[in-house]
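> Here's the letter readout for the chains.
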Amino acid sequence: MECCRIDMIKHDHYDVIIIGGGPAGMAVAVGASSAGLKRILVLERHPRLGGILNQCIHVGFGLRYFKEELTGTEYAARYKKLFQQAGVEVKTSSFVHKVSDRKQVTFVCPEGELFVSADHIVLATGCRERTREMLTIPGTRPAGIFTAGLAQEMVNIHGILPGKNVVVIGSGDIGLIMARRVVLEGAKVQAVLEILDHLSGLVRNKIQCLDDFGIPLYLQHETLEIIGKDRVEAIRYRDNTTGRENVMACDTLLFSVGLIPERDLLIDAGIDPGDGIHVAGNADYVHDLVDWVTKDGEKLGRSLGNGNA
Amino acid sequence: MMEKPVEKKPKTRRKAEKPLDRDKAKRYTCIVCPACCDLETDGVEVNGARCPKGEVFARQERVAPLRVITTTVRCETPRGLRMVPVKTSCPVPLALIPEVMKQVKALRIPKIPAIGTLLTTGSSSEPVEWVVTGEVG
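Protein sequence lines, in the order shown, are assigned to chains A and B. Under the working numbering, think of the first position of the first sequence as 853, with each following residue one higher. Under the working numbering, think of the first position of the second sequence as 17, with each following residue one higher.
For reference, chain A alone in the conformation it holds in the complex (with noise of 0.2 Å):
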């Protein structure tokens, strides 16, 4: 039987380690070689590089960095390769569960679990959507219920469709991308619901997600409660513009209500960014487009290369 080649690191102390693998940390770690560090480490908890990125098939990204449309994947494919010319070391599946103020990174990996410390260690860690739990929309809570991304995650990785009769909780741009993509996969969807009075995402995904597809936005209309035992069965809401309460029938809830930045590693050891700790791209805070997280992060990668950090 053939040995496994056991994939472990190659130093015990770097310059920098970035903490995942996305637009963001491949930026960082770009940055930083070009300015001349050696040993970076970037850790990635998915077995591949691109973060996000995987699960974004839709056009609309690279105009500014790459002066071209492309879709999510093709992005992520793009700047792997720049990423790779950068001759960076990466170790993916592995996932980082402990930063320490003393700069040490504890991370567990197929062979166990491993410590590394560096100079730098840089959160690129992402952002993580706001669910229905944290709104506190009262009712039941039946099958059906996702955030507009895990249902992207569903639909576009997995092939599985999160239900067939939708309603989008908040205008965010994942809801407005995930209301086409599930029409275009035989899904119905019955509405946008806003509680504010503009829309969240960009105009250009309204036009081409919602109007193009004739799936109305009701803006100023709020969530008032879920209904239904074991699956999503309707949701009551109101138009805060005349008071009117009524009932929407539904299988499937896609909330699209915001982001929020990712730094619980850092809030559970107590520390602060600051003396090399750095936060990039959407931990930092949510960037609307990629291309300034890939801009931002091979900045951040440079000044700390330029020990200018």
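If you are wondering where the hints come from, they were derived from the structure by calculation, not from laboratory data. Hints are not guaranteed to be accurate.
[Stated by the list, open to error] If the Cβ cut is set under 7 Å, some of the chain B residues that face chain A in the computed set are:
1. THR86
2. THR88
3. ILE131
[As the list claims (entries may be wrong)] Simulated crosslink set (DSSO-like; lysine-lysine; CA at most 30 Å straight-line):
4. A:LYS933 with B:LYS127
5. A:LYS932 with B:LYS69
6. A:LYS1151 with A:LYS932
7. B:LYS69 with B:LYS42
Where is the CB? At the ideal position from N, CA and C, for every residue including glycine.
Position chain B against the provided structure of chain A, taking the given hints into account.
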């Protein structure tokens, strides 16, 4: 922490308003880039575009809207089902999207293609060409 970069507008300035045929004029929001310019066109002249792509978009949108379709194709590999991301190699008429989606949903590929591979659906007289847009893990 870094400063939030400001969305840079394309360098070309908004041109002076041209007189439009008011009976034929229609308004659109450009979807070519995130700047989302407000456009108005009578089919000949276009107002409001910050770049030439917007002018082309407005004239086209008035006649027959075109869209690039992005979706996935099922690929049954020995390691299980993989979804291969694809896009149409050129924009297709909005009105044809249901038909084109029907074609691509019926498509099955036996092996994971490389990024950039071309696939074809539809009849030989009216083929639709697709480009593989991602590296499938």
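> Now tell me if each hint is right for this structure.
The hints, checked one at a time:
For THR86 of chain B, the interface hint holds, since its Cβ comes within 7 Å of a Cβ in chain A; the closest pair sits about 5 Å apart. Taking 7 Å as the C-beta cut-off, the interface hint given for THR88 of chain B holds, the closest approach to chain A being about 6 Å. Taken as an interface hint, ILE131 of chain B checks out: its beta carbon lies about 5 Å from the nearest beta carbon of chain A, inside 7 Å. Among the hinted pairs, LYS933 of chain A with LYS127 of chain B is consistent with the structure: their alpha-carbon atoms are about 23 Å apart, no more than 30 Å.
For a cut-off of 30 Å, the pair hint linking LYS932 of chain A to LYS69 of chain B stands: about 29 Å separates their Cα positions. Between LYS1151 of chain A and LYS932 of chain A the alpha-carbon distance is near 17 Å, which keeps this suggested pair within the 30 Å criterion. In summary, the hint linking LYS69 of chain B to LYS42 of chain B is supported, as the alpha carbons are separated by about 17 Å, within the 30 Å threshold.
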